[in-house]
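As you go down the protein sequences, you meet chains A and B in turn. Just so we're aligned, residue 1 is where the first sequence starts under the numbering used here, counting upward by one. Just so we're aligned, residue 1001 is where the second sequence starts under the numbering used here, counting upward by one.
Just so you know, these hints were derived from the structure itself, not from any lab. All of these numbers come straight from a predicted model, not from anything done at the bench. Heads up, a few of these hints could be off.
Using 20 Å as the maximum straight-line C-alpha spacing, the simulated EDC-like pairs for lysine to aspartate or glutamate come out as follows [as the list claims (entries may be wrong)]:
(1) A/Lys-92 x B/Asp-1185
(2) A/Lys-87 x B/Asp-1185
(3) B/Lys-1068 x A/Asp-49
(4) A/Lys-5 x B/Asp-1185
(5) B/Lys-1143 x A/Glu-28
(6) A/Lys-67 x A/Glu-28
(7) B/Lys-1068 x B/Asp-1148
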Amino acid sequence: MLTQKAWSPYLAGVVIGLLQIPAFLIIETALGASSSYVTVGALFTSWVDPSILTIKYASSHVATTAKNWWQVALVVGVAIGAFLSMKLSGAKRAAVSPVWTRALGTASPAKRYAVAFFGGFIMLFGARLADGCTSGHGLSGMAQLSVGSTVAVAAMFTGAIATAFLLLRRL
Amino acid sequence: MSIFVAILVGVAMGIVFGFALEKSRVFEPGMIVGQMQMKNFIMLKVFLTAVATGAVVLAVLNGFGYVKLAPKPALYAADIIGGLILGAGITLAGACPGTTLAQIGTGYRDALFTLIGGLLGAVAYTYAQPMLSKTFLAQGGGKIIFSDLIGLPYWMAALVLAAVLVAALFALEAWRPWRGEMGRDVDGDLESTGNSPRATARVQPAE
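Chain B on its own, in the form it takes in the complex (with noise of 0.2 Å):
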């Protein structure tokens, strides 16, 4: 395929998944960092839908032999450490990789200081790449899928794991309404509104 029909498509696709997380508000800071103290459930809710919904799409296109599923190489003692460190600078940035440019497109200035050290971040990895890749970090296994592990094909498995995280969804949704954790200003920013317990108790906000 020509590189200007990919950058085409991934515009396209760009343009639909930003719209997406503008308006399940996921991008916000208050929704991701809310997410991480359990004070809202908004993030989790659009990532295990968007999951179902993959495992759904990829058990079809699978299943009837129209694509082949590409799986990262299951690197664990790299998959652990950089999942920390990547899953701490989430919640300090307030975003994740994708996230940081849906909250630029919005107007948070705060998002320019995470892309510009986002990417002095995959610079300063890529210098310590060759050398980490000689330690025992990149050892591991090759590319294993749960469904190959229990005997199962993907398909089936995919959408048992489907099937799983449809029925989880509708017991956070009876817990935890989602209209329930927009916010006043729909930025998962629930003191605002008086929807949290702490709000009537709490005069001053902290210093």
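For reference, chain A alone in the conformation it holds in the complex (with noise of 0.2 Å):
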């Protein structure tokens, strides 16, 4: 089972979810991702401009606090757990997915690099401003039934299916 290359999208989908369990009683808090990158960004900047630190969403979130740091080594851990299920499977991955030739247009490392830093840049951007990504409004904020969180997903769609049809080529 663990040497599979693909698990029905059902079963990785409870897997995911009962997640919320040790999420919910041993830490307190919701499954979520885009928060740390907050907290290592913040970190990071700190060491070349300290005063990001009086901004108090800043120093709330580079504080050692054990959910701060928990959503770090969460999505630290995803990385792990990829690369153990993809070296498990024996599955080999391209330095680029064969997808974005035909939905970029072009074979160019370079110009897809340059679309995924500036995905990641709004990305996250976005994230923030909306207060959560796809974990933590989508999955733990409509499992919640939070009306915010499912506006939130809602808007992540219409962007995310405008976008891919309007800039994107057709895969």
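Got two chains here, separate frames each, mind docking them using the hints?
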């Protein structure tokens, strides 16, 4: 099972959903990912611009609290888990997924890297503005029946689908 | 709780999370962009299954009084504008903030650029936050949940949501069986398998 290349999306979804149990019982928070970018980004920035920590939003995310660093550990664990899963199944990935050649209309890695950088930038700016991402608003907010999270998820899919049809070529 | 324990719990949970993201293939750019172009539905299947499971888990934990809910406050303008920008970013990155790390773990090099862009985006927001918090973007209601609006206990409404999602997932699976959405190299690239009707119609790849 651990060496399979692909699981049913339903099995994987149940596993991800069950992660809410340790999140709520042990850490007393919901599953999320995007605030870890503030924790790490603001910490790095504080080494060159210590004044960033005068912003309460920065200092509260950098503070050595269980929640802040649990989430940083979580996303580091995601990279480790995906690496282990891939090694066990023997899947090999190219440096850039072949779908980008069609989606961007060019095989240039430099152009893909530029799009990835810009995409990452607005992804986290938007996520912090909305106060959550696919995990925090999506997985956790919708499971908690949050009205604001449901609005955010609807906006997320609207922005994503519009961009996919207007800016990218068809896969 | 000590930071040390929190970090250990985080890494352990992250490994499980990353494993599930990799095995489901939902971390693949081909799956995420493919979902947004309605070419495959793996992302929706994983996402809605995880929401339904989380709803059942929280219905039990909250219903029996073991945990308190922690919904985010409803800031409608920020939710809508931020959500739209985040969504555009997800498509261009071919990832979300969590799956970016799964892509790095599996060796996608462009995901490193997504990560650096993401860190800088989070820092840019941090610098802008004191100013933005004085605008309409910080305005909104409290921690509103649907079950309070309709006057049901949370656990009951959460179980109803889970049941509706399970029914929707059965319909989705009947319409689009997941095994047909994997692609030859399990990356959501359906074009190279000949699954897509357009594959036969197009001899040369689009330039």
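Each hint tested on the structure:
no., hint, in the structure
1, A/Lys-92 x B/Asp-1185, "holds, 9 Å"
2, A/Lys-87 x B/Asp-1185, "holds, 15 Å"
3, B/Lys-1068 x A/Asp-49, "violated, 38 Å"
4, A/Lys-5 x B/Asp-1185, "holds, 9 Å"
5, B/Lys-1143 x A/Glu-28, "holds, 17 Å"
6, A/Lys-67 x A/Glu-28, "holds, 8 Å"
7, B/Lys-1068 x B/Asp-1148, "holds, 15 Å"
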